[in-house]
Amino acid sequence: MNFSEVFKLSSLLCKFSPDGKYLASCVQYRLVVRDANTLQIRQLYTCLDQIQHIEWSADSLFILCALYKRGLVQVWSLEQPEWHCKIDEGSAGLVASCWSPDGRHILNTTEFHLRITVWSLCTKSVSYIKYPKACQQGVTFTRDGRYLALAERRDCKDYVSILVCSDWQLLRHFDTDTQDLAGIEWAPNGCVLAAWDSCLEYKILLYSLDGRLLSTFCAYEWSLGIKSVAWSPSSQFLAVGSYDGKVRILNHVTWKMITEFGHPATINNPKIVVYKEAEKSPPLVLGRLAFPPPRAAAGPLSSTESKYEVASVPVSLQTLKPAADRANPRIGVGALAFSPDSCFLATRSDSVPTAVWIWDIQKLRLLAVLEQLSAVRCFQWDPRQARLAICTGGSKVYLWSPAGCVSVQVPGEGDFQVLSLCWHLSGDSLALLSKDHFCLCFLETEQGVGTAFGQRADHT
Amino acid sequence: MGDWMTVTDPGLSSESKYISQYTSETKMSPSSLYSQQVLCSSIPLSKNVHSFFSAFCTEENIEQSISYLDQELTTFGFPSLYEESKGKETKRELNIVAVLNCMNELLVLQRKNLLAQENVETQNLKLGSDMDHLQNCYAKLKEQLETSRREMIGLQERDRQLQCKNRNLHQLLKNEKDEVQKLQSIIASRATQYNHDMKRKEREYNKLKERLHQLVMNKKDKKIAMEVLNYVGRADGKRGSWRTGKTEARNEDEMYKILLNDYEYRQKQILMENAELKKVLQQMKKEMISLLSPQKQKPRERADDSTGTVISDIEEDAGELSRESTWDLSCETVREQLTNSIRKQWRILKSHVEKLDNQVSKVHLEGFNDEDVISRQDHEQETEKLELEIQQCKEMIKTQQQLLQQLATACDDDTTSLLRDCYLLEEKERLKEEWSLFKEQKKNFEKERRSFTEAAIRLGLERKAFEEERASWLKQQFLNMTTFDHQNSENVKLFSAFSGSSDRDNPTVHSRPRQKKPHGAPSGSPVCTSKLTKSLPASPSTSDFCQTRSCVSEHSSVSVLNTTPEESKPNQVGRECTNQKWSVASRPDSQEGCYSGCSSTYANSHVEKDDLP
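Protein chains in written order, with my numbering: chain U, 32 to 491; chain L, 10 to 622.
Calculated from the structure, these hints are not laboratory results. From the three backbone atoms N, C-alpha and C, an ideal C-beta is built for every residue, glycine too. Please note that a few of the clues may not be correct.
[Unchecked claim] What follows is a list of derived Cβ distance ranges for each label pair:
#1 K208(L) x Q168(U): 40 to 46 Å
#2 P112(U) x L268(L): 42 to 48 Å
#3 N359(U) x E185(L): 26 to 32 Å
#4 R357(U) x L171(L): 42 to 48 Å
#5 R61(U) x Q223(L): 47 to 53 Å
#6 T290(U) x E185(L): 33 to 39 Å
#7 K359(L) x P360(U): 52 to 58 Å
[Unchecked claim] Below, computed lysine-lysine pairings styled on PhoX-like, alpha-carbon distance capped at 25 Å:
#8 K218(L) x K100(U)
#9 K161(U) x K277(L)
#10 K188(U) x K288(L)
#11 K188(U) x K218(L)
#12 K155(U) x K255(L)
#13 K208(L) x K161(U)
#14 K161(U) x K218(L)
#15 K188(U) x K216(L)
#16 K294(L) x K359(L)
#17 K287(U) x K307(U)
#18 K161(U) x K359(L)
#19 K394(U) x K288(L)
#20 K294(L) x K287(U)
#21 K39(U) x K466(U)
#22 K287(L) x K394(U)
#23 K210(L) x K188(U)
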């Protein structure tokens with residue numbers, strides 16, 4: 032496992048291009064595009080103000096930089112550095128901007144969700160979509176980029192519009208039986224749309240592409256409902272995490288619940304492997320105690336090393352007591368992610384913020400629990416294999432695979448606090464983002480996960 | 010009880026009185042002595058000198074008493090004591106026989122009476138004890154009754170309390186239910202109110218939004234614009250098409266195509282799954298048939314009514330199977346047949362397994378003896394084998410022992426005893442050696458000490474010599490100077506000052522060597538340095554501490570590089586000791602350094618010594 036040098040970064044804006052060749056990162060008002068392998072700078076663009084959002088077009092030819100404060104979007108071409116495009120939303124303001132899947136249209140949401148403007152880079156045409164709903168996830172494209180589903184709110188009712196992306200024509204428009212639609216999400220096969228209600232009511236609706244209601248699911252009433260939703264990459268399962276601390280898995284044939292995964296604070300089953308991160312105090316070498324300590328050794332000594340220990344059951348996890356009188360209580364399943372092969376599901380229960388739970392979907396049972404020393408910030412699966420990267424805001428990055436797990440110290444001067452991470456699409460490298468720096472972590476190319484992990488364990 | 014006693018007591022006493030009277034009467038005749046005594050005690054009136062008879066019958070009144078007795082007896086139905094009177098005038102004669110008869114009869118009567126009395130007494134006693142027993146029983150029962158009554162009351166009380174509690178709980182439950190209902194209704198009302206409010210707010214919000222929309226969008230905001238260098242081509246290279254009804258239809262078509270594809274894909278998957286499941290089923294069936302077929306004969310022989318028919322079904326099914334496999338259709342009839350046949354076979358298998366189970370259990374029950382016999386044979390064989398093995402092992406052990414003995418006899422008994430003692434001796438030897446080592450070390454220490462003192466003396470001598478030399482040299486210089494320019498006198502002064510300072514430095518250097526020695530110890534033996542660093546916090550004065558620290562920091566690398574103590578020493582002692590004498594002066598130190606370098610144990614002890622002051 033190798034680490035690149037550390038580069039500057041602002042507002043955690045660092046993204047690999049969809050083809051995996053480039054890496055775009057932002058430093059204040061500058062956009063830097065590097066080669067993903069050599070990390071040499073390929074292009075450098077200067078925007079008008081601090082960049083707040085970047086997005087690659089699907090064909091990796093353009094990059095969109097949104098400057099929300101100014102209501103501006105600037106688009107840059109990788110092939111023609113001199114080409115430029117600037118979209119000004121004027122006094123309407125701008126709160127969100129994204130590419131359409133064809134990479135030739137930009138969807139800008141104005142302030143107060145007055146409308147969505149669709150700007151074309153090919154023609155002068157501008158389209159408007161009225162009544163977009165201000166919600167968690169109101170715009171979603173199918174994987175193949177053909178259709179756009181859009182949550183709408185008219186006359187105090189929720190609607191979903193399905194549009195054809197090629198000419199922005201309305202294909203279907205239907206109302207959803209929800210109090211307050213919170214989000215919509217296409218299944219990866221693009222044939223089923225999941226729509227769920229706000230947290231006040233547990234309700235998830237499944238619609239076919241042609242607008243037919245396939246099924247509704249409601250696990251309970253009178254309590255806070257859905258917190259997170261994730262489709263399995265095979266479109267076979269829909270995992271629904273809710274405020275009662277459970278994940279419910281629906282199947283794609285009957286849309287009924289297959290199983291229910293609870294997140295208990297104590298683990299008694301000896302079959303479940305509990306990895307506990309433990310601080311490792313450096314061994315007391317007499318030479319190290321020389322007075323005064325050599326200056327070079329002082330740096331790494333400050334950050335303690337850590338390693339994983341397999342805890343013996345029963346294990347009780349650290350739980351947070353939620354404040355009942357506050358909004359958005361820290362309870363329930365807040366994060367869900369399926370592994371690319373749909374075999375594993377990683378979850379985080381917000382009342383046990385230091386733990387990541389990994390479930391075996393083939394056997395429908397809990398496989399492993401990783402208990403970190405600090406709260407888990409973010410986790411992401413390797414896009415190629417069952418390998419999970421986790422960061423906790425410390426100077427370490429953690430990797431789990433069915434073979435085991437390791438904690439890796441990010442080398443470098445000072446503390447590199449990993450706040451976020453993203454995988455390269457080949458799964459060979461991993462970008463680690465801190466508050467104002469980022470670095471790349473190169474993993475060994477696949478030669479069997481087990482041996483690779485063995486080596487990695489040696490490195491740490 | 011008490012009442013009873015008071016009632017009975019007098020009776021009893023009276024009875025005893027009667028008894029005593031009776032006895033007095035009965036024992037009147039046989040023994041006069043006794044009777045006299047009794048009478049004396051019982052009848053105090055007859056305290057005369059005369060006997061009892063004289064009291065009743067005396068010489069004078071024999072006639073009267075006889076007649077009295079006769080009268081008495083006749084009234085009691087006895088025959089008269091007198092003989093049948095022959096003549097009226099004649100005095101009636103006393104008939105002795107009659108008297109005797111009468112007496113005899115009286116005695117018999119008396120005995121009878123006594124017997125009866127005894128009987129009555131025993132009966133009375135019996136009755137009395139019965140009475141007592143009954144009274145006890147009665148008391149006990151009474152007590153029991155009392156306790157049970159109390160218990161009953163307690164139970165009733167408890168029952169009442171429980172009922173009370175139950176009622177309370179019911180009430181509470183009811184209250185809770187009411188509360189829940191109330192809360193639910195409150196929630197519901199709140200929800201409706203919230204929804205209502207939300208709707209209202211949203212309407213307002215929408216109005217505002219609309220307004221804002223009009224204001225912002227319809228003003229023909231010049232700012233809302235896109236600047237682009239040149240338009241780029243579409244990703245697919247085609248030109249954009251107009252929106253027409255056609256495109257709409259095409260979109261619909263495409264959508265349905267996608268949906269259809271998806272459904273087809275899913276159907277295919279399901280078909281595949283089905284086919285696989287069917288395969289599994291058929292395989293199962295085949296295996297079942299093969300499993301059951303060897304038994305075909307037996308049930309037929311037994312002519313079991315039910316299984317026989319089913320077995321024939323199996324044969325039919327077996328025939329069907331080949332056809333089915335060629336069909337591979339999900340036709341309903343085929344499916345039914347398949348499932349039915351499987352079910353049938355499953356039933357057969359189940360019954361068969363059950364039968365086997367029964368048989369096994371029966372065999373277990375019945376044929377236990379047979380098995381036992383077989384097992385016993387096995388046991389015997391096994392034990393024989395084991396015994397053989399044991400024999401072999403024993404022989405082995407014996408030979409080993411013999412060999413050992415041979416070995417032991419080979420050497421003398423003395424040696425064996427010596428061998429036994431050898432450990433102790435060895436230890437003694439070791440201790441002695443250690444002791445001598447200690448002594449040697451002590452001697453060494455002593456020697457070193459002496460050398461130290463010698464060195465100190467030598468140092469003093471050398472110093473004196475140096476002083477003298479310096480004095481002579483100064484003198485010479487002075488003499489030279491006086492011959493030269495007067496300007497140089499300042500120089501001399503300066504130099505002298507310098508020398509003086511160096512002189513002053515000298516003692517400090519001499520006072521320090523002990524601390525310096527360890528660093529002077531070349532080739533930086535790790536033990537030594539570590540000891541030093543460890544001992545540092547315990548060092549007495551901060552100034553010393555600082556000095557040593559600076560020494561460490563400055564010379565740690567150098568001392569490691571230097572190989573010989575002579576080379577390291579000058580570096581150590583001072584930066585400005587360029588003149589030779591300095592090095593000479595410090596030679597003893599270096600020697601000591603050498604010492605410490607040579608024997609690490611010595612250095613350690615030295616360093617530790619340093620800690621002490």
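Verification of the supplied hints:
1. A hinted range of 40 to 46 Å is violated for the C-beta pair K208(L) and Q168(U), which are about 23 Å apart.
2. The beta-carbon spacing between P112(U) and L268(L), approximately 43 Å, falls within the hinted interval of 42 to 48 Å.
3. At about 31 Å, the beta-carbon gap between N359(U) and E185(L) stays in the expected band of 26 to 32 Å.
4. For R357(U) and L171(L), the hinted distance range of 42 to 48 Å is satisfied, since their beta carbons lie about 45 Å from each other.
5. Distance hint for R61(U) and Q223(L): a CB-CB separation of about 39 Å, inconsistent with the stated range 47 to 53 Å.
6. Checked against the hint of 33 to 39 Å, the C-beta distance between T290(U) and E185(L) comes to roughly 34 Å, which is consistent with it.
7. One distance hint, 52 to 58 Å for the beta-carbon pair K359(L) and P360(U), holds here, with the actual separation near 55 Å.
8. Simply put, K218(L) and K100(U) have alpha-carbon atoms about 20 Å apart, close enough for the 25 Å limit, and the pair holds.
9. Pair hint K161(U) plus K277(L) does not hold up; C-alpha atoms about 41 Å apart against a cutoff of 25 Å.
10. About 51 Å separates the Cα atoms of K188(U) and K288(L), which puts this hinted pair outside 25 Å; it is violated.
11. Between K188(U) and K218(L), the direct Cα distance comes to roughly 16 Å. Compliance with the 25 Å bound is thereby established for this hinted pair.
12. Simply put, K155(U) and K255(L) have alpha-carbon atoms about 23 Å apart, close enough for the 25 Å limit, and the pair holds.
13. Annotation: proposed proximity of K208(L) to K161(U) holds, straight-line Cα distance about 19 Å (limit 25 Å).
14. Distance restraint check for K161(U) and K218(L): the Cα-Cα separation of roughly 11 Å lies within the 25 Å cut-off, and the hinted pair is therefore satisfied.
15. A C-alpha spacing of about 15 Å is found between K188(U) and K216(L), which places the hinted pair at or below 25 Å, so the restraint holds.
16. Only pairs whose Cα atoms come within 25 Å are accepted, and K294(L) paired with K359(L) is accepted, the gap being roughly 14 Å.
17. The straight-line distance between the Cα atoms of K287(U) and K307(U) is roughly 35 Å, outside the 25 Å bound, and the hint therefore fails.
18. Distance hint between K161(U) and K359(L) is unfulfilled; the C-alpha atoms sit about 68 Å from each other, more than 25 Å.
19. A distance of roughly 24 Å separates the Cα atoms of K394(U) and K288(L); the hinted pair therefore holds under the 25 Å criterion.
20. In summary, the hint linking K294(L) to K287(U) is not supported, as the alpha carbons are separated by about 32 Å, beyond the 25 Å threshold.
21. In summary, the hint linking K39(U) to K466(U) is supported, as the alpha carbons are separated by about 9 Å, within the 25 Å threshold.
22. Among the hinted pairs, K287(L) with K394(U) is consistent with the structure: their alpha-carbon atoms are about 23 Å apart, no more than 25 Å.
23. For the proposed pair K210(L) and K188(U), the alpha carbon gap of about 13 Å is at most 25 Å, so the pair holds.
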